[in-house]
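Throughout the sequence shown, residue numbering follows UniProt numbering, covering 1 to 189 in sequence.
Just so you know, these hints were derived from the structure itself, not from any lab. All clues given are correct.
Label pairs and their in silico Cβ distance ranges:
| no. | residue 1 | residue 2 | range |
| --- | --- | --- | --- |
| 1 | R158 | P115 | 13 to 23 Å |
| 2 | N153 | L76 | 30 to 40 Å |
| 3 | E144 | H102 | 22 to 32 Å |
| 4 | Y79 | D43 | 15 to 25 Å |
| 5 | H132 | A57 | 24 to 34 Å |
| 6 | F155 | E45 | 26 to 36 Å |
| 7 | R80 | A57 | 19 to 29 Å |
| 8 | N78 | H132 | 13 to 23 Å |
The structure displayed is predicted, hence computed values, not measured ones. All C-beta atoms, glycine included, are put in the ideal place defined by N, C-alpha and C.
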Amino acid sequence: MSVETDEQAQQASDEAWMRHALALAERGAAEGEVPVGAVLVRDGEIVGEGWNRPISAHDPSAHAEIQAIREAAQRLRNYRLVGTTLYVSLEPCTMCVGAIVHARIARVVFGAYEPKTGAVASVFSLLQAEQHNHRVDVSGGVLEADAADMLRNFFRSRRKKGAQAVVQKADSTAGESLRPGALRGELGE
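Using the sequences plus the hints, can you model the full thing?
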């Protein structure tokens, strides 16, 4: 098999697993969570998967990546997830990168870049930090447009719903005196 064919096969595999991560992200969106999905794979088999659940689980650490890592560790009965690849629809944050390094995940493939808090390539490159005793291979931007569109549409919908709630609140309080900024929290500011 030629190198080009190997690369094409890897790209096709990455895209297929990313589609699975995007389907998981849609489950999160349906639950009102930020749509991020993650699937952890070893030898072509799913060992863990998850989607964002911090709101519904009342757990700030319930990111998609953490959910997938926890499930895989339980399934494999080992916190070291050697030889696995994590596919996630959004570039991981610093918390998730810490878990990825501690779990000894071999490779991370992500969809959309996260320009505000991305800890893999956008803001930080923590998976390649020399200080770590474990390095992780990284591939970013796989099905990036699909992942970014899903996030953009989710937040656009949330803003629209928030604006509608503010208008309804303003209509219901017409004539009442409101302090400046009283509705700010309802706008998500």
